[in-house]
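Chemist: These are the residues of each chain, in order.
2 protein chains.
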Amino acid sequence: MEELTDTPVLLLDRDRLDGNILRMREKLAPFNVTLRPHVKTNKCLEVTERFFADGRGPITVSTLREADFFFAAGFTDILYAVGISPNKFAHAARLLEQGADLKLVLDNIESARLLAEFACSSGQAFEVLLEVDCDGHRSGIAPQSTLLVEIAHLLSHSGVRVSGVMTHAGNSYDSRSIAEIEAYARQERAAVVEAAQLLNEAGFDLSIISIGSTPTALFTQDLSGITEVRAGVFAFFDLVMAGLGVCDVQDIAVSVLTTVIGHQPEKGWIIVDAGWMALSRDRGTAKQRVDQGYGIVCDLSGQPIGDLIVTAVNQEHGIISSRSGNPEAVLVLPVGTQLRILPNHACATAAQHSGYHVLTEGRHLGYWPRFAGW
Amino acid sequence: MEELTDTPVLLLDRDRLDGNILRMREKLAPFNVTLRPHVKTNKCLEVTERFFADGRGPITVSTLREADFFFAAGFTDILYAVGISPNKFAHAARLLEQGADLKLVLDNIESARLLAEFACSSGQAFEVLLEVDCDGHRSGIAPQSTLLVEIAHLLSHSGVRVSGVMTHAGNSYDSRSIAEIEAYARQERAAVVEAAQLLNEAGFDLSIISIGSTPTALFTQDLSGITEVRAGVFAFFDLVMAGLGVCDVQDIAVSVLTTVIGHQPEKGWIIVDAGWMALSRDRGTAKQRVDQGYGIVCDLSGQPIGDLIVTAVNQEHGIISSRSGNPEAVLVLPVGTQLRILPNHACATAAQHSGYHVLTEGRHLGYWPRFAGW
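These protein sequence lines map, in sequence, to chains A and B. Residue numbers for the first sequence follow the working numbering, so the first one is 1 and each next one is one higher. Residue numbers for the second sequence follow the working numbering, so the first one is 375 and each next one is one higher.
Worth flagging that the hints you see were computed from the coordinates, not collected in a lab. From the three backbone atoms N, C-alpha and C, an ideal C-beta is built for every residue, glycine too. Be aware that a few hints might be false.
Unchecked claim - Here are the simulated lysine-lysine pairs, DSBU-like style, with alpha carbons at most 35 angstroms apart: (1) 267(A) with 661(B); (2) 661(B) with 401(B); (3) 661(B) with 287(A); (4) 661(B) with 641(B); (5) 267(A) with 287(A); (6) 287(A) with 401(B); (7) 27(A) with 287(A).
Claimed, not checked - Pairwise CB distance ranges, derived in the manner of DEER restraints: (8) 56(A) with 428(B): 49 to 59 angstroms; (9) 27(A) with 521(B): 51 to 61 angstroms; (10) 640(B) with 202(A): 41 to 51 angstroms; (11) 640(B) with 224(A): 24 to 34 angstroms; (12) 77(A) with 728(B): 26 to 36 angstroms; (13) 661(B) with 202(A): 46 to 56 angstroms.
Claimed, not checked - Derived, one-sided and incomplete: chain A residues facing chain B with beta-carbon distance under 7 angstroms: (14) 5; (15) 40; (16) 82; (17) 85; (18) 86; (19) 87; (20) 98; (21) 261; (22) 265; (23) 334; (24) 335; (25) 336; (26) 337; (27) 347.
Use the sequences and the hints to build the structure in full.
Modeler: Below, the structure written as structure tokens:
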């Protein structure tokens, strides 16, 4: 990798990526559900293409920019999984006019009323999934709430098609055991199936019953009543996922290549050129059993070096030290040494970079660009 | 601002920007020092131009990409303020060949030896500032260390010009009072002046004695022996600076425009479309007296609304709640309402965006692009 001199840069191990995708495919295979990968983690055409053996399958997006980008690249079945607000109706309508099979999400009567009005005045045929709250994590309507039916009636009376329900077990990221992840998976499935039943009894024929989070998707034991699974970070994995027991550190497909620029020997510090600009400020492992600082330090082959982690960051400086406080551990890495840092949160770290330097079997394969923005 | 529909977007109040720059200029005027603004905060030509009444003054950069960009835009006097490592020698040499007056920084004998070797073999006339550690914050050589002289001799014997010393009072960001900032300012000045004296006695004639941090620059009372001041965040300010007492909340020039997308009324939550992707994961105020969460919530005119802050973020969702826990405070902001979030850390939040939507006197003036990467 001698050509990667302008460190820090983001590396992507394509072999690990492919292995992680295969694992999810194999996990879901017995359940007869559709995988609708969340592309917010990768924001990259070349990565997203690897989710699908052939063609362009259904995807989940977190921004309309992602929808624009992937639609232009031939993906048509797109779920925008953030509650729609009126300022974005026109943008969504443009995508529909262009031929996108775009599905919107909402969880409240105000948004529904505004969308219904816009649909009437614009004549645009919107399709909506109602968002269900399975764990009190963030957004969504309680699964037993008659508000679901009220909103569905309001929308359908204005020609908006209510095609399904969706939920996200965000709290599964805070699990302390695999048993707890399994419990969140049951809760996630139960919530959305209950909501679908309520709507079904009110006369709504739903074609999409959608759940999704990487931990629950990989440890679910029952997907009866579910039609599709959304997940994103499983393709890359990260230290938060490893801390949950969802993957091994050796499965993490993204890392930041950095260079040693100095030392503070008496403190046991190695200074590198990867700060928060390259690693992100994400400290997702801080609340886990093992706090990985700003990331685990590996050699160029991706093997962790002793118990070294990034313990502090400034914008373009990272401070590496030994977790056990052994100052001698750091002296073996002279100025100029290149290291790889495994990230706390792949979505956040990858977002700090304009693309991936892709490796396969240790060789540099090429550069896959990312996009950003809204 | 009705055209800004694709929220979240980054706003920049040009009037506040100009006021903040004027304040720094007026503060430094009596001291007869050069202001060498750090452009890592803004990474934008239009912002950087406003630091200088006319022409292209000296700047500080945190990446060689910044050096490339600003040199191409006509800035020649550039200090790259992160310790140079051998993988970047060739890039730095290219800039020198193109005519940049590029100054490098280093703080250890290994880097010095490698640079000396490269200088000999390439024939390139490098210029170096030695980095001094004034507060144990990060990098640098102790100001009384004879290592300074040893390195200076090593470099100058190989034709590398040692033109100065520099330090950064990074610990001033953790101050608990203005008196403490003033003490850090004294310490910062004293360290670099002591180092310069040591080198002077060894026969080195230094033209640059450089210090810099926004808090110390704005509260210094003595800059004798100092030739230049570096600072960056002062142009934008942020909640960390306001928490230090360095600025007022009303001075903060950057904010993130976001839209209400839903509520969880029983929890007192407003859900908005600005998550960590738009706000960054920076939690710089967490260790201050007042923890501002992920930012203070303002109306469209920039006035804070009650005691609302962003209390939690996911990638594209923010949760706003009342600091006092009053759930009724949140119900006055219906879906579609646009809000402005003041950031913890301007450098980190701005880095999440591709440019600034610039306002003056409340009007939308235009779009100023940012760049990113290394």
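Chemist: Run every hint past the structure and note whether it holds.
Modeler: Hints versus structure:
Taking the CA atoms of residue 267(A) and residue 661(B), the gap is near 23 angstroms; set against the 35 angstroms cutoff, the hint holds. Pair hint residue 661(B) plus residue 401(B) holds up; C-alpha atoms about 28 angstroms apart against a cutoff of 35 angstroms. Taking the CA atoms of residue 661(B) and residue 287(A), the gap is near 16 angstroms; set against the 35 angstroms cutoff, the hint holds. Pair hint residue 661(B) plus residue 641(B) holds up; C-alpha atoms about 26 angstroms apart against a cutoff of 35 angstroms.
The straight-line distance between the Cα atoms of residue 267(A) and residue 287(A) is roughly 26 angstroms, inside the 35 angstroms bound, and the hint therefore holds. Between residue 287(A) and residue 401(B) the CA atoms are separated by roughly 43 angstroms; this puts the pair beyond 35 angstroms, and the hint is violated. With a C-alpha separation of about 28 angstroms, the suggested pairing of residue 27(A) with residue 287(A) holds against the 35 angstroms cut-off. For the pair residue 56(A) and residue 428(B), the supplied restraint of 49 to 59 angstroms holds, since their beta-carbon distance comes to about 54 angstroms.
For the pair residue 27(A) and residue 521(B), the supplied restraint of 51 to 61 angstroms holds, since their beta-carbon distance comes to about 56 angstroms. One distance hint, 41 to 51 angstroms for the beta-carbon pair residue 640(B) and residue 202(A), is violated here, with the actual separation near 23 angstroms. For residue 640(B) and residue 224(A), the Cβ-Cβ distance of about 30 angstroms falls inside the hinted range of 24 to 34 angstroms, so the restraint holds. Between residue 77(A) and residue 728(B) the CB atoms are about 28 angstroms apart, so this pair conforms to the stated range of 26 to 36 angstroms.
One distance hint, 46 to 56 angstroms for the beta-carbon pair residue 661(B) and residue 202(A), holds here, with the actual separation near 51 angstroms. At its closest, the beta carbon of residue 5(A) sits 4 angstroms from a beta carbon of chain B; the interface hint therefore holds under the 7 angstroms criterion. About 6 angstroms separates the beta-carbon of residue 40(A) from the nearest beta-carbon of chain B, less than 7 angstroms, and the hint is met. Taking 7 angstroms as the C-beta contact cut-off toward chain B, the hint placing residue 82(A) at the interface holds, the least distance being around 5 angstroms.
Taking 7 angstroms as the C-beta contact cut-off toward chain B, the hint placing residue 85(A) at the interface holds, the least distance being around 5 angstroms. A cut of 7 angstroms between beta carbons decides the hint on residue 86(A): the least distance to chain B is about 4 angstroms, and the hint holds. Because the beta carbon of residue 87(A) sits about 4 angstroms from the nearest beta carbon in chain B, less than 7 angstroms, this interface hint is met. Interface hint status for residue 98(A): violated, as the beta-carbon distance to the closest one in chain B is roughly 16 angstroms, over 7 angstroms.
Among the interface hints, the one on residue 261(A) holds; its C-beta lies about 4 angstroms from the nearest C-beta in chain B, closer than the 7 angstroms criterion. Evaluation of the residue 265(A) hint against chain B yields a violated restraint, the C-beta minimum of about 9 angstroms exceeding 7 angstroms. The beta carbon of residue 334(A) is positioned within 7 angstroms of a beta carbon in chain B (closest approach about 6 angstroms), and the interface hint is therefore held. Among the interface hints, the one on residue 335(A) holds; its C-beta lies about 4 angstroms from the nearest C-beta in chain B, closer than the 7 angstroms criterion.
Checking residue 336(A) against chain B by beta carbon gives a least distance of about 4 angstroms; that is within 7 angstroms, so the hint holds. This hint is violated: residue 337(A) has a C-beta 9 angstroms from the nearest C-beta of chain B, more than the 7 angstroms allowed. The beta carbon of residue 347(A) comes within 6 angstroms of a beta carbon in chain B, closer than 7 angstroms, and the hint placing it at the interface holds.
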